[in-house]
Amino acid sequence: NAGVTQTPKFRILKIGQSMTLQCTQDMNHNYMYWYRQDPGMGLKLIYYSVGAGITDKGEVPNGYNVSRSTTEDFPLRLELAAPSQTSVYFCASRTGTSGRKNTGELFFGEGSRLTVL
Amino acid sequence: DAKTTQPPSMDCAEGRAANLPCNHSTISGNEYVYWYRQIHSQGPQYIIHGLKNNETNEMASLIITEDRKSSTLILPHATLRDTAVYYCIVRPTDSWGKLQFGAGTQVVVTP
Numbered sequence: 001n002a003g004v005t006q007t008p009k010f011r012i013l014k015i016g017q018s019m020t021l022q023c024t025q026d027m028n029h030n031y032m033y034w035y036r037q038d039p040g041m042g043l044k045l046i047y048y049s050v051g052a053g054i055t056d057k058g059e060v061p062n063g064y065n066v067s068r069s070t071t072e073d074f075p076l077r078l079e080l081a082a083p084s085q086t087s088v089y090f091c092a093s094r095t096g097t098s099g100r101k102n103t104g105e106l107f108f109g110e111g112s113r114l115t116v117l
Numbered sequence: 001d002a003k004t005t006q007p008p009s010m011d012c013a014e015g016r017a018a019n020l021p022c023n024h025s026t027i028s029g030n031e032y033v034y035w036y037r038q039i040h041s042q043g044p045q046y047i048i049h050g051l052k053n054n055e056t057n058e059m060a061s062l063i064i065t066e067d068r069k070s071s072t073l074i075l076p077h078a079t080l081r082d083t084a085v086y087y088c089i090v091r092p093t094d095s096w097g098k099l100q101f102g103a104g105t106q107v108v109v110t111p
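As given, the protein sequences belong to chains A and B, one line each in that order.
Letter 8 of the first sequence, counting from 1, is numbered 8 in my numbering, and no numbers are missing.
Letter 50 of the second sequence, counting from 1, is numbered 50 in my numbering, and no numbers are missing.
Hints are supplied without guarantee of correctness; some may be wrong.
As the list claims (entries may be wrong) - List of simulated lysine-lysine pairs, BS3-like, C-alpha gap at most 30 Å:
1) Lys69/B <-> Lys44/A
2) Lys3/B <-> Lys52/B
3) Lys98/B <-> Lys52/B
4) Lys44/A <-> Lys52/B
5) Lys44/A <-> Lys9/A
6) Lys57/A <-> Lys14/A
7) Lys98/B <-> Lys3/B
8) Lys52/B <-> Lys69/B
9) Lys57/A <-> Lys9/A
10) Lys98/B <-> Lys57/A
11) Lys52/B <-> Lys9/A
12) Lys98/B <-> Lys44/A
13) Lys69/B <-> Lys9/A
14) Lys52/B <-> Lys14/A
15) Lys57/A <-> Lys44/A
16) Lys3/B <-> Lys69/B
17) Lys69/B <-> Lys98/B
18) Lys14/A <-> Lys44/A
As the list claims (entries may be wrong) - Residues of chain A placed beyond 12 Å of chain B at every Cβ, according to the derived structure:
19) Met19
20) His29
21) Met41
22) Thr86
23) Gly104
24) Glu105
To be verified - Computed list of chain B residues with no C-beta within reach of chain A, every gap over 10 Å:
25) Arg16
26) Thr26
27) Glu31
28) Ser41
29) Gln42
30) His49
31) Thr56
32) Glu58
33) Ile63
34) Pro76
35) Leu99
36) Pro111
These aren't lab readings, by the way, just hints derived from the structure by calculation.
Bear in mind the structure is a predicted one, so any value in this text is a computation, not a measurement.
Note that CB positions come from ideal geometry on N, CA and C, so glycine has one too.
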């Protein structure tokens with residue numbers, strides 16, 4: 001299994017450009033998340049989804065949009081890139097099933113490093 | 001959600017036990033304590049979690065005080081590969097799995 005895959009790994013954008021960060025998981029997880037991490041800081045939740053067709057805002061949603069048309073994919077859209085969106089973006093997923101063996105752990109991708117100039 | 005307080009950094013000698021403290025004095029009864037670590041800007045990695053009882057797995061042990069206001073993550077025999085930022089997170093059971101990351105503790109394991 002590949003786990004959580006993010007593309008691209010690196011991207012430089014100009015102010016005002018738009019782009020989509022892709023995230024796909026092959027673990028049939030219901031829950032998916034997008035975080036951003038600024039240098040020297042912890043991760044902040046942007047958006048999350050509890051299943052196909054259901055999304056909700058996290059702590060820092062402004063300037064971003066998401067969609068969840070399938071269980072596997074959870075793309076993050078930046079419409080008008082700003083320097084404040086320079087960050088490392090992490091996608092994560094977890095199973096929604098309950099049970100003794102379910103640790104509730106989040107599985108993270110390797111990150112997408114975005115620079116807006 | 002309850003907040004956590006961790007020391008910003010700590011050093012540990014290779015081969016020795018690393019004891020990482022975490023204060024969560026406002027934790028409520030339905031909140032779990034989770035520990036993750038992040039090695040050199042990779043995606044965070046789950047280590048262990050617990051509610052009331054002490055827990056142990058192949059990576060670490062988690063000791064939670066009886067009043068649940070603090071906990072300690074123990075890496076029994078630290079190796080150089082354990083150098084990472086360690087996050088202590090308190091998570092309600094009804095939070096849809098959302099985790100709120102603080103700044104964590106930067107642990108440096110030295111030879």
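> Looking back at the hints listed earlier, which ones does the structure fail to meet?
Replying inline: 11, 13, 14, 20, 21, 23, 24, 28, 29, 30 and 35
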